[in-house]
Every structure is written in structure tokens, then in C-alpha cells.
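Asker: Residues per chain, in single letters:
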Amino acid sequence: MATPNKETLLDWYHQMVLIRRFEERCAELYQQGLIGGFLHLYIGQEATGVGAIAALKEHDHVITAYRDHGIALARGLDPKRVMAEMLGKVDGVSGGKGGSMHLADRERRFWGGYGIVGGHLPLAAGIALASKYEDRGEVVLCLMGDGATNIGYFHESLNLSAVWELPVVWLIENNQYGMGTSVARASGVTELVKKARAYGDNGRGMKEGPRIDGMNVLEVYEQVSEAVEYARKHGPILVESLTYRLQGHSMGDPERYRTKEEVEQYVASGPIGRFRAYLIEKYKNIEPKLDEIDARALEEVDEAVEFAKNSPDPTFEDLVRHVYVD
Amino acid sequence: MADRPITIREALSAALREEMQRDERVFIMGEEVGVWGGTYAVTRGFLDEFGEKRVRDTPIAEMVIAGAAVGAAMAGLRPVAEIMTINFAFLALDAIVNHAAKVRYMFNGQFTVPLVIRTTTGGGKQLGATHSHAPEVIFAHFPGLYVAVPGTAYDAKGMLKASIRDDNPVLFVEHSTMLQRRSPVPDDPDFLLPIGKSDVKRRGDDVTIVTFGKGLEWSTAAAETLAQDGIEAEIIDLRWLRPLDLEPVFESFKKTNRCVVVEESLPMFNVGAEVAARLQDELFDYMDAPVKRVAAMDVPLPYAAEIERMALPSPEKIVKAVKEVVGG
Amino acid sequence: MAETLTMPKLGFDMAEGTLITWTKSVGDTINKGDVIAEIETDKATIEIEAQTGGTILKFLAEPGDVVPVGAPIAYVGAEGEQVPEEGAPSPAAEPPSQAEAEAVAAPPKPEAAPGKTEDKDEGEARPEYAEAKAEAEAEGAEEPAFIKASPIARRIAEERGIDLRRVKGTGPGGRIVKRDVEEFPLEEAPAAPVKEAAPAPSVELPQPSVGELPSGPDVEIIEISRLRKRIGQRMVESKLYVPHFYVTTAIDVTALLELRKQLNESITDEARKISVNDLIVKGAALALREFPNLNTHFYGDRLVRHKRIHIGIAVALPDGGLMNVVARDADKTALGTMAVQNREMIARAREGKVRAEEVEGSTFSVSNLGPYDVDHFAAIINPPEAAILAIGAARKTPVVLEDDTVGVRMIMKATVSVDHRVSDGAEGAEFLKLFKELLENPMRLLM
Numbered sequence: 001m002a003t004p005n006k007e008t009l010l011d012w013y014h015q016m017v018l019i020r021r022f023e024e025r026c027a028e029l030y031q032q033g034l035i036g037g038f039l040h041l042y043i044g045q046e047a048t049g050v051g052a053i054a055a056l057k058e059h060d061h062v063i064t065a066y067r068d069h070g071i072a073l074a075r076g077l078d079p080k081r082v083m084a085e086m087l088g089k090v091d092g093v094s095g096g097k098g099g100s101m102h103l104a105d106r107e108r109r110f111w112g113g114y115g116i117v118g119g120h121l122p123l124a125a126g127i128a129l130a131s132k133y134e135d136r137g138e139v140v141l142c143l144m145g146d147g148a149t150n151i152g153y154f155h156e157s158l159n160l161s162a163v164w165e166l167p168v169v170w171l172i173e174n175n176q177y178g179m180g181t182s183v184a185r186a187s188g189v190t191e192l193v194k195k196a197r198a199y200g201d202n203g204r205g206m207k208e209g210p211r212i213d214g215m216n217v218l219e220v221y222e223q224v225s226e227a228v229e230y231a232r233k234h235g236p237i238l239v240e241s242l243t244y245r246l247q248g249h250s251m252g253d254p255e256r257y258r259t260k261e262e263v264e265q266y267v268a269s270g271p272i273g274r275f276r277a278y279l280i281e282k283y284k285n286i287e288p289k290l291d292e293i294d295a296r297a298l299e300e301v302d303e304a305v306e307f308a309k310n311s312p313d314p315t316f317e318d319l320v321r322h323v324y325v326d
Numbered sequence: 001m002a003d004r005p006i007t008i009r010e011a012l013s014a015a016l017r018e019e020m021q022r023d024e025r026v027f028i029m030g031e032e033v034g035v036w037g038g039t040y041a042v043t044r045g046f047l048d049e050f051g052e053k054r055v056r057d058t059p060i061a062e063m064v065i066a067g068a069a070v071g072a073a074m075a076g077l078r079p080v081a082e083i084m085t086i087n088f089a090f091l092a093l094d095a096i097v098n099h100a101a102k103v104r105y106m107f108n109g110q111f112t113v114p115l116v117i118r119t120t121t122g123g124g125k126q127l128g129a130t131h132s133h134a135p136e137v138i139f140a141h142f143p144g145l146y147v148a149v150p151g152t153a154y155d156a157k158g159m160l161k162a163s164i165r166d167d168n169p170v171l172f173v174e175h176s177t178m179l180q181r182r183s184p185v186p187d188d189p190d191f192l193l194p195i196g197k198s199d200v201k202r203r204g205d206d207v208t209i210v211t212f213g214k215g216l217e218w219s220t221a222a223a224e225t226l227a228q229d230g231i232e233a234e235i236i237d238l239r240w241l242r243p244l245d246l247e248p249v250f251e252s253f254k255k256t257n258r259c260v261v262v263e264e265s266l267p268m269f270n271v272g273a274e275v276a277a278r279l280q281d282e283l284f285d286y287m288d289a290p291v292k293r294v295a296a297m298d299v300p301l302p303y304a305a306e307i308e309r310m311a312l313p314s315p316e317k318i319v320k321a322v323k324e325v326v327g328g
Numbered sequence: 001m002a003e004t005l006t007m008p009k010l011g012f013d014m015a016e017g018t019l020i021t022w023t024k025s026v027g028d029t030i031n032k033g034d035v036i037a038e039i040e041t042d043k044a045t046i047e048i049e050a051q052t053g054g055t056i057l058k059f060l061a062e063p064g065d066v067v068p069v070g071a072p073i074a075y076v077g078a079e080g081e082q083v084p085e086e087g088a089p090s091p092a093a094e095p096p097s098q099a100e101a102e103a104v105a106a107p108p109k110p111e112a113a114p115g116k117t118e119d120k121d122e123g124e125a126r127p128e129y130a131e132a133k134a135e136a137e138a139e140g141a142e143e144p145a146f147i148k149a150s151p152i153a154r155r156i157a158e159e160r161g162i163d164l165r166r167v168k169g170t171g172p173g174g175r176i177v178k179r180d181v182e183e184f185p186l187e188e189a190p191a192a193p194v195k196e197a198a199p200a201p202s203v204e205l206p207q208p209s210v211g212e213l214p215s216g217p218d219v220e221i222i223e224i225s226r227l228r229k230r231i232g233q234r235m236v237e238s239k240l241y242v243p244h245f246y247v248t249t250a251i252d253v254t255a256l257l258e259l260r261k262q263l264n265e266s267i268t269d270e271a272r273k274i275s276v277n278d279l280i281v282k283g284a285a286l287a288l289r290e291f292p293n294l295n296t297h298f299y300g301d302r303l304v305r306h307k308r309i310h311i312g313i314a315v316a317l318p319d320g321g322l323m324n325v326v327a328r329d330a331d332k333t334a335l336g337t338m339a340v341q342n343r344e345m346i347a348r349a350r351e352g353k354v355r356a357e358e359v360e361g362s363t364f365s366v367s368n369l370g371p372y373d374v375d376h377f378a379a380i381i382n383p384p385e386a387a388i389l390a391i392g393a394a395r396k397t398p399v400v401l402e403d404d405t406v407g408v409r410m411i412m413k414a415t416v417s418v419d420h421r422v423s424d425g426a427e428g429a430e431f432l433k434l435f436k437e438l439l440e441n442p443m444r445l446l447m
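Chains as they are written, first to last, in this note's numbering: chain A, 1 to 326; chain B, 1 to 328; chain C, 1 to 447.
I should point out that these hints are in silico values taken from the structure, not numbers from a laboratory. The structure presented is a predicted model; accordingly, all values stated were derived computationally and were not measured. Glycine included, every Cβ here is placed at the ideal spot set by N, Cα and C. Please note: incorrect hints may appear among the correct ones.
As the list claims (entries may be wrong) - Pairs of lysine-lysine, BS3-like flavour, derived with a Cα cap of 25 Å:
| hint | chain 1 | residue 1 | chain 2 | residue 2 |
| --- | --- | --- | --- | --- |
| 1 | A | LYS132 | B | LYS53 |
| 2 | B | LYS197 | B | LYS254 |
| 3 | B | LYS320 | C | LYS148 |
| 4 | C | LYS396 | C | LYS332 |
| 5 | C | LYS168 | B | LYS323 |
| 6 | C | LYS148 | B | LYS323 |
| 7 | A | LYS233 | B | LYS320 |
| 8 | B | LYS254 | B | LYS201 |
| 9 | C | LYS433 | B | LYS255 |
| 10 | B | LYS254 | C | LYS148 |
| 11 | C | LYS24 | C | LYS9 |
| 12 | B | LYS254 | C | LYS58 |
| 13 | B | LYS320 | C | LYS168 |
| 14 | B | LYS255 | A | LYS207 |
| 15 | C | LYS273 | C | LYS239 |
| 16 | B | LYS317 | B | LYS201 |
| 17 | C | LYS24 | C | LYS58 |
| 18 | B | LYS255 | C | LYS168 |
| 19 | C | LYS436 | C | LYS396 |
Said to hold, decoys possible - Covered by chain B, per the in silico footprint, the following chain C stretches (three or more residues, Cβ under 8 Å):
| hint | stretch |
| --- | --- |
| 20 | 171–181 |
| 21 | 393–403 |
Let the sequences and hints guide you as you build the complete structure.
Answerer: Written out as C-alpha cells, the structure is:
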């Protein structure tokens, strides 16, 4: 694990701010009716996505569920093309056919966001199998929500990865609610990382990884980096990142399942504020630089929206293309 | 090289072996494919020949068998996943329908899924309600997936090899009571049959029988009976439910003007419904009689042999249906 | 032809409904049974279904309008079809020439309560019953017009000009199938009339195979007159399309002839004397009052019930041929007046000077061959009429009288031919029975 230098840290800060500004704008565009369907915001969870993806090498793989905007941006997808996808435009990363839940970029080995809870877990196992089969030394980072740990796919996929010793980091983003049902109301164990114990023992099969502070980008980076190296050498490992989504499950969530006070508390201890404070403490006179990054992020979002709005709608040809390989 | 008569089982084995020899990326995964040699013995000897890496026993876990095969295919391998019977494929429905069939489309062509899922189908073996239906039509509902339903050894080999070489996901459905059927099959390692082409299996001028899979066997027997009464049936074997090739059906129907669709599917929303709808749409002015369907009865299949037989199609039922459309 | 959708009656005490909303739009294609609107009654809000299918041409009510039960609310017809003028929903069938014709299948006029639309002369007739009956008959009447043939059989028949009505179906349920038309001898296949529903299309006179036209001194070749051709055509149409049934009865006309004798004794002017035929026409007209269904025209899918009774009288012409003159309102016109009119019309017909209005508009016909000394005969219906009465000669006949003695009476046979699409044997028989009663009690003809 390389210790991040100042440049890297500022890059992470930029990514986190960009994700935050990007999603705030998405919420506005949704309310204006420019974004349709579902919109699941990542706001509050930025440190987990940014820190975990920073732990990967370029040839490693990322796959996630439907709360995927932050993961896509952290993996370096062009905000313009992500925003074009949000608006259902032909320049979108999925040509306007995927939408908010189905962002992907094969070039960056980002295999996509998936709309079925748990549905991408066996795919992650398969991608890892391909890596192992061809001895490529590539690791798959599979992010999932806490809700996915209760679905059948979780069991079958983690078990198979254990039996076949597949190079996967299974990363639970425990934001404490599966839609509106809290972890305690949905899972037999609330310390979700313990579920690894069902799939491994005595160094064989699944390794039970750490339970980490998902609001601290540095800790996420360090812990996931270790997990990635473990997976590369030995096989699957389960990691749990404790985080919190500051917005509803998706747009229009009445949020009856939690209190305003609870949300306020997390806003105060939010990942971006914490990281900013860390940087100011660590580097003298960095504040103007951080302000500049904040302003840049806003400009990038403006540009992305401008680009997306100017991108054409998909056509009939797009409608019927890519059903099959011709 | 002269074609040898071999069984469907041997044809499937040969197709798998040849394609695995040809392409390192091709591998087999599924329940009991390795040590056991396949529950229908199609992969017997493969573990010794190709090793554990390429002949992978899985837990009994259909969701991940299908799902991991999709992921492996997306990431560059060419998996042949085996789901022991199509009834278990219901457990894998999400992986097959939501992912195998859709990832290419919803990510705008960024991914390909060169996947074959082999499975067996069919009743008539007293396996009771959960192991006996022939629900391949369900899978043919979805764009993005191909569905193969061979009825002869020749077709089984040529279609399986073509499926493995194709870059699209294929559900390859073999009938569990037909694995011992023999027909001449080329030894040529590059013997391939085109994807989505149906085949005229018997010539006749009086009625068009459209069928596939086990229906081919029943229809052939029925055609022989009918011939004794002077009725010559033309049998079109669809071979694929997707892509569905109805051109030979249309050609035949223009001549015979009468059609019976034979299948083991349940009677509602089945291939017969599709064929009948398409015929009246495209060839209304050629119709001389309503299109008849012979399918399984609209009940879950029972255990007892006597009543299981009643529920399934038979040559007698086909003869009766043909006489209804031909008769006076 | 545009049809009207009407405010349905959705409860025994519902008199009107308030239109809440249309659930379809003008231009929409609807099927019978589709929900087209929501209405509110004093009980509930109810969806109403289209009573017929087609394209919605026009709405006649707006949301909020209170519409009486039975009043028209929309026109439905073929796409692009013109709708009738506002407020004048026209009868649904092909319009008959008489303005007084009432299309029984058309909705009652909105301003009139059911029961008042019927002619007063119908006495105690229960209108709802009569309507229901007529509708049922109209529906049943469609069946014989449908030819069961497969699509390819129809196509081949059309290509080869084969009249499917002449082809025997050997397919399931008697369906005409491909082989039936393929094996149908082409030389026997007359050109098929294209439309099948209405009995009105002009038919090329079918030519049975007769071989070459003979010639030589033993034969004379005669051109067929236009009138003859027209009669032939109409009779062929009638026999082809109209399923006739026949009912015959013997009528004791001793009293009738006696009455006529007495009446005529008092009349000095020859031109005013009453004929037996006048009495028969009167009797038929009075009987029809009780049997309005036989005073009906058949229009394919509709019946046109005539409220006035106009009796066509078949007149043999001196140069051959036949013509119908029409005794208008024969049930109401005084016998003496009618006798004069009939005599004059018949004379003009025979002289070829008949007026158009004297030969048009008959609602029922009588053909009397009594003067030709025939026993009895069956006449061919004159479409679109539903029936025709054929009268034989009155003869002295030995009959068993009521006291079981045998006496000599004047007996005349009458046969009514009826279109089976419109009526059935029982009704024909009852009509004939009443006709017989009237003639046997001839004073009733004068009342």
C-alpha cells in the first residue's frame, strides 16, 4: 500500500466534493423532471467509494449496485457522460439506455451498477473466476448495500467465491437501512462482517475482514488496500464499511424510519467536512486550494449539465441496437 | 468422411469436447459435471481429460451457477454452465433474464455474454410436478437470449457447437427422454448449424406440423399413421425458439393451408399461440382451417404413470388434431 | 351507416342519467361492450358500455348533461363517415323510400317515452315486447346469410368467380374448404356476387348449362323483354336469397261471395262494383294489423317495420309479364273507395299507363289466380317484403259441416309464403287463421 501524498489526498478531496455537487445537482434536475425513473443518491457515503476505489490498481475491477453515481465518478468516469446518462442522452455512458442505476464503463473496468439487489454478486464471482482462470492477478471489488447481505445471491456468491478461492473483496456499505428497514430489523447479525464466518474457517475459504469507519476516507483506503492485497494473494474477503446516507433511499422517500436529529448528527460528522478539517490541520495554508477545488467541482458539474442538455436524444436505431451481438 | 449414427448424448459430448479442445476459454461448470460425469453422463471422462480448472463442480446453487457464468462470460471466458433440469432454472431466472439477456443492451453494447446454459427438459418419467414440465417457452419470451431446442443428434451437435462459438447467451434445452436417440452426425470438428434456422424434417402436402424437441418424435410417429390414411404431413422442426424462424412454416402453409402445432409446453401462451397468431397475421388468406394446438394439459404433471401419460401429447392426439383440420 | 349509442337504462326505475365523462374520444375505434363513458344515476356512478362497435363519429352529449334513458349520446360508424344532422338520428338500416317507415332497431326518439312510439292502431301491443322480439328476430335472421368458408376457399372462389353459395362444404361442420372450390366445375360457376349480407345486389341471371342455341324451321328465337328480364332477375334473387316457407289453408267463402253479391246489387255503376280480390286485399290488410311482423321489409341486418299497410296486387299483363299495383292503407281505406282505386290502377297497368307511385311501396303482396281456375299455388316473395299471399279459385266443394252432415260450400285455398329470416311457421299459420276468420265472417271486413 502506497502512502498517499498531498497530491493524491487533494485528488480524493476533489472526487468527494465532485460527487457531492454532482448529486445535489441531480436532485435538482430530478425535481425539474429532467431526470426520470429512480434516483438513489450517494450523498454521505463518498468516503467509502473514493477510499475503496483508490485502493485498486487500474487493471482491477469494480462492480456495484444501483447507488452507483459516486462509484462511477470515483472510478474516473467522465462527469459529462455520466450526467448525459442521467438525462437519458445518447452521449451517456450507457447511451441513455441504462439510466441512473445502470452506469458502466468497460474501459475503466467498471462493470456497472445493477438494479436488482444482490444480482451483481454472482457476476462479481464470475469476473473474478475469469481473472483466476487466466491467471491475470486482477481483483474484483464488489460493493453492496447492507440489504444485499440478506438475499440468497449473497449466500450463493460468497460461498462459491470461498470454494473456488476467487479474488474478490466483498465490501458491504452498511448505511444502516435497506430502503426503510434498519439492519437490526432485517438481519440476524447486525455486525454484518461476521457473515463471513459461514464461508470460511481456519484460513480456508472466506476471510472475515475489518469493520471500518466508512466516513473516514483514509481509513477506508488503508483497510481496503489490505483487503485487496489479501484477495489478490489468497482469495475472498468480506469487509464492512459503516456509513450513512444523508438523503432518502431514493427521491420521494418520506423517511419515516429515522429522525431528523439522527440525520443532523451525521451531517455534522460527514465525510467531506471531516476530511477537509484533516487536510487543513495537516497542510498549512491549504484552505485557498481547497476552496479552489470546491469551485472547480461546481464548474465541472455546470459543464456536465451543459454537455448533457446539449447531447441528442437516442433514436429508434439506438432503441433496437445491442439486443444481440450481430 | 461418412456420417456415423450416434446418440444425442454422444453428440452433445462430442460437441463439448471438440469446442473445449478448440478454445481454452471454453469451460464447463455445474452440479455434478466433474467427478460424477454429468447426471446424464454427457460429461463423463471430461474431468480426466480437461482437469478441474475447466470442468468445475459447483455447489447446488443455481443462482450463482448462472450468475457467475454470466460474469465470467462478460469478463472474457466462454462458459458452458449446466443447470441439471430446466425446473431448477427457475431459481436462476433473475440471472438469466435480468442479466444474461440484458447486460449487453442496458450498457449500450459495452459487454458481451458468450454463454451457453445447458439444461434438460420434459416429462414422462414419473418425476412429479416440480421436475416434469417443459417450460422453455418462458425463456423464449425475452429478447437478448437465444433458446435452442434440438430434436436429433445431428441437430444437437451442430447447434451446440454453434452456440458455444456464438457471442450471445444461449439457453440450450435437451430433452431428457431423447438422449439415446440416434442419427448420423458428421465427425467434422467444424460442423456447425446456423443459429435460428428451422428445418423441414418431413415433406407432405396436406398439413403442416410445426414442432420442436420431443414433439418431433411424436409428430413423426403421427405422420406415419396419417400416411396410411393418405394424409401427408409436412413436419417443420423449429430447432430454435429464439431466434424463431417461421419462414419455412409460412412456405409450407402456403401449400398445405392447414397447421397443427405440437409441443410439450403447457397450453396457454405457448409456441402454438405464437405460430397461430403469426399465421393468421401473415397468411390469413391461405387458411383453410383453424390452427390446432397439441400441447400438455393445463395441469401440473402428476406422478402416476397412467395419468401422466394422459396429460402429455401423443401421436394419437396429433393424428386426431390433424384429422380435425384436414377432415370432412 | 352511422348508428347511435343511447343512454342505457341501468335499473328498473332509471329515467335519466348524468354524463360524467367520456372515457373514449371521437375517432376512437370501439368494440361492442367497451366502456365508453361514466354516468351518474340517482343511485351510483356507473360505467356504460358501447351497444355497438365502430369508430366514434360524434358525441351528442357533454359531461354534465342530463340525458333521458334511450336518448342518443353518440354516433358510431365507419371511419370518416358523415353523421346525420343534429337532432335527427336516422333509422339504422338502408333507408326505405317511405318516410313513414319505422326502423325497429333504431332507438326510440328521445322526447318520446317508450310505449308512445307505437302506432295507436296497434291497440294493446306491448311495445317493449315487440321491440325485443324484433331485435331477436333481426339477430337470428343474420345466420342464413353467412357462408361458412375458409379464408383460402374464399380467395380462390373470388379469383375464379365461383359463387360460394353454390358450393357444398365438406370441411368440418360443413365449412367450404379449399378442395371444395378447387373441385367445383368452373363452367358451372356463375360470377359470384361480391357482397353477401343484403339481399339487394343485382345478380347476373345464372345461366344453367343449356348447350348451343337451337335454330332451324322448328323453333322461333325470341328476345327476352326488359320487363321479363327484370321479373326473372328479381325472382331469382328472391329464390336464391330468401328462405321461403309456405302455409296453406282452405277458406269457406260462401258467405263472402254472398255478401259481395248483396253489396254489388246496390251498386249500379259497374266501375264501382267490388271484386272478390278487393275483399281479399281488405282481409289481408286487416289481418296484418294483428301481425305487424309480416308487414315488414328485410334489410340484411335490420328489419323495417311498416306502420302503414300497403298491399301489392299482382296484375297479369296482356303481353305477358307481371306488375304489382299498390292498394295504399288498405286496412283503413273504405272498401268502396279501394275497389274503385284498384280497378283503375289495374286497368292502367294493363294499358301500360300506370303511375310510378301506383307500383311502389307495397309492404305485403297478394297474388290471386282465382280467375284462372287454379286450385292453389305458392307465390314467390317480392323482396324486401316478408310475405306474399297466393289465392286459388273458389270452388263448390263437399265439406263436413259443423253438425257432421256433408254440405256443399264454396271453398277457396290460400297459401302464404313467408321469409324465414323474418318469421316462423307458427306466425304464418296464425296470420292465415285470422285471414280465414275474417273472410268467413265477412261482415268484419266492413267494420
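Asker: Would you mind marking each hint as holding or not holding in the structure?
Answerer: Verification of the hints:
1. A:LYS132 / B:LYS53: With a Cα-Cα distance of about 10 Å, the restraint between LYS132 of chain A and LYS53 of chain B holds, given a limit of 25 Å.
2. B:LYS197 / B:LYS254: It holds: about 19 Å lies between the C-alpha atoms, which stays within 25 Å.
3. B:LYS320 / C:LYS148: holds, 22 Å
4. C:LYS396 / C:LYS332: Cα-Cα ~32 Å, so violated.
5. C:LYS168 / B:LYS323: holds, 19 Å
6. C:LYS148 / B:LYS323: This hinted pair holds, its Cα atoms lying about 19 Å apart.
7. A:LYS233 / B:LYS320: violated, 66 Å
8. B:LYS254 / B:LYS201: holds, 17 Å
9. C:LYS433 / B:LYS255: Given that 25 Å is the threshold and the Cα spacing comes to 58 Å, the pair is violated.
10. B:LYS254 / C:LYS148: holds, 21 Å
11. C:LYS24 / C:LYS9: holds, 20 Å
12. B:LYS254 / C:LYS58: violated, 43 Å
13. B:LYS320 / C:LYS168: holds, 24 Å
14. B:LYS255 / A:LYS207: violated, 67 Å
15. C:LYS273 / C:LYS239: At roughly 36 Å apart (the allowed maximum being 25 Å), LYS239 of chain C and LYS273 of chain C break the hint.
16. B:LYS317 / B:LYS201: holds, 20 Å
17. C:LYS24 / C:LYS58: holds, 11 Å
18. B:LYS255 / C:LYS168: Holds, because 22 Å separates the two Cα atoms, which is no more than 25 Å.
19. C:LYS436 / C:LYS396: holds, 17 Å
20. 171–181: holds (count 5)
21. 393–403: Violated: only 0 residues of the stretch 393–403 of chain C have a Cβ under 8 Å from chain B.
In this structure, the hints that do not hold are numbers 4, 7, 9, 12, 14, 15, 21, in rising order.
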